[in-house]
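Put chain F on the given structure of chain H with help from the hints.
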Amino acid sequence: MVEVLITVIKIVAIVFVFAMGVASLMTLLGDRKQSAKIQNRVGPNQAKFFGFSLGGIPHFIADGIKMILKENTMPNGANKWLHTLAPALIFFPALVGWAVIPFMDHYCTGSVRTLADYTEVCIDGEWKNYFSIMHSDAGLLFAFAIAAVSVYGAAIAGWASNNKFSLLGGLRSSAQMISYEVSMGLSLAGVLMIYGTLNLNEMVRAQGYLFGGWLPMWGIVVQPLAFFLFFLAGLAETKRAPFDLPEDESVIVAGYITEYSSMKFAIMQLSEYVATVFIAALIAILFLGGWQVPFLYADGIRFLGNHWQPFAENPDLWYYFTIMLRIGAMVLKVLFLVWLQFMMRWTLPRFRYDQVMTLGWKILLPLSIANLFITALILTIL
Amino acid sequence: MALVETRPVNRIKQNLWDKSYIPEIVRGLAITTRHFFRNMNPDKSQRSTFTREYPEVPTVYPERYRGLHRLMLRADGQVRCVACMCCSTICPADCIHIEAAEHDDPAIEKYPRVFVIDELRCIVCGLCVEACPCDAIRMDGGVHIPPYTERGAAFFDRDLLMERGGLSLAVQGGESK
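Which chain is which? The protein sequence lines are H and F, in order.
So that you can map any letter, position 180 of the first sequence is 180 in the working numbering, and since no number is skipped, the others follow by simple counting.
So that you can map any letter, position 6 of the second sequence is 6 in the working numbering, and since no number is skipped, the others follow by simple counting.
Only chain F is shown next, with the shape it has when bound in the complex:
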């Protein structure tokens, strides 16, 4: 004979007063009324609204936020990047396009002839910065990628990225100083 396993559920017995829902309605009304009057407080810091009034009030970024890309420079002003393709390989959004070229200086093996970041595809994960072996690409804190009105303006090329860059304290490509 097959037995059906049942599990008894301990239901809370409601008495007539609970079933009338009056206590619960009063409780709910008390909660909504409390929120209503708290958010009517003329002192805005006392309110519990979560809304950010963004265009009027600038957003405060977290301290460790990193957003806008830049390419760092060598001491003589050339790009630090050695076109090793680490960043474009690790990029999950596939937004970095690099064309490497041979450098005239025999001490420098390669340099990026073309270095374009599609900022609309970028997901701001920061993996390119992590992957870079020679501190050539960085992301800046406190600044977000500016808005564009046309698609072409979202492609940040090498010169634009270098304009934002600066000198790095790191040693370039294994050279000892």
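With the rest of the complex left out, here is chain H:
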């Protein structure tokens, strides 16, 4: 019973508070306020909460109310069943993927000791999975499978709308997502070879190793090219600019979202933002050390072989402090990556469609295969 309750709390906190909260704030702060700041404008500030504009945050409540009150239209000749189903098919995978994202290491009921190779072991107790919804040994595969499923929603939405623009958008998004899925997966193969696990939490644990006592062996240090490739492919996978061809507004109106209105439109938009945050979380976990804070371990601070132990008389206090810092680090890394994705969006112009395909198949794919090959070679020699 307690287990079920903990799971429910975890789902609410991670999916509905963190993922949805960040995503819906991103619709406002990321898309409208950030673009305004970059373009020397002020941005939305007229929706006020008791006379305070609060940085424009009340706008997203105003947007939500507006969306709910709008008429839900459906075009003539649309397939009613699929047209209604498609937003759910896009929204569902965007949320389910969060099941495997670890926000902190497992909680240790006993005391934690850090070994010489910087792995933490739990003594006189056991690991309790309190900070990720699901502890799965196939975590990365699950995340990829779920991310790939969302292409169905876009394709079905495009087809069911009975609109040429929607159909083009759906086709574009399926072609793009399938193309970039390949280089995304292949760029990660090198990372998998190094860490030797598909479990996301184990991967983050492995990144706690300090090379030479001072350099954290984060994924970006071990596999810089893979980080670059994965970041690009992730941008394309979540249909962010400069790869937002599926909703290329100057060419195909709004792509597969064209014929959607009211809350269905809002759900589709929101799930794109959730997917953005999800990719940011994956990048943070795979390449930026996830919840790891450099030099900070559950039993003290380690740097160049030295070991400080703050609150030595009360190790539990330090442990709780570490937990807070690590969750904060994870959240900050995700927010930074989301911010970076939005900066890319407001910096770069949109690609032409054939350029997107060329980049995916002729540049990213060979590069990721080369990266895989070189990594394998180095690992064999070492």
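Hints listed in this document are in silico derivations from the structure and should not be mistaken for laboratory results.
Among the hints, erroneous ones may be present.
In the DSBU-like style, the derived pairs of lysine-lysine whose C-alpha atoms are separated by at most 35 angstroms in a straight line are [what the hints assert, rightly or not]:
1. H:K48 - F:K19
2. H:K362 - F:K19
3. H:K362 - F:K44
For each label pair, taking beta carbons as the anchor points, the in silico distance ranges come out as [stated by the list, open to error]:
4. H:S261 - F:M85: 53 to 59 angstroms
5. F:P8 - H:S250: 31 to 37 angstroms
6. F:R121 - H:M357: 32 to 38 angstroms
7. H:V331 - F:P23: 29 to 35 angstroms
8. F:M85 - H:F50: 32 to 38 angstroms
9. H:V331 - F:A153: 43 to 49 angstroms
10. H:N40 - F:A153: 33 to 39 angstroms
Built from N, CA and C at the ideal position, the CB exists for glycine as well.
Then chain F, alone, in the frame of chain H:
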């Protein structure tokens, strides 16, 4: 044999590093990031936003801005205008309507019985002020034409324009003082 004239274009040769667009992407990101953080400055005077928050903060007019019309008065409080039609003739927006009438005083030849400016048609060019031979019509600095909620309120008639007016230092219609 016909020759086709061609002009060679000196294209900049791009090497592989340039073709990867990485330096240009980094440069672009640096520019947008610089703007982003400059405009996040808590000190609003340090930001580079151009937006005027108009209803909250009143707009500062340029020193030489002239907006709202008024009709000037004679020493005895009558309208200075002699209904010569110069202003309504030069008005490019055709927004001044004058009906002249004979004045009772034999010293004054004509006066405007009706003088209406359609402020919605006015383009604030100031040509009427330039054209006026006897300093009868002026436009005020610092004030813009007030907003209206109905069409009729945009017609400013003679009495309303005279209410805003004052005495002029100029000599009236060639009389010597």
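(request) Enumerate the violated hints, using their earlier numbering and listing them in ascending order. (result) Violated hints (numbers, rising): 1, 3, 6, 8 and 9; every other hint is consistent with the structure.
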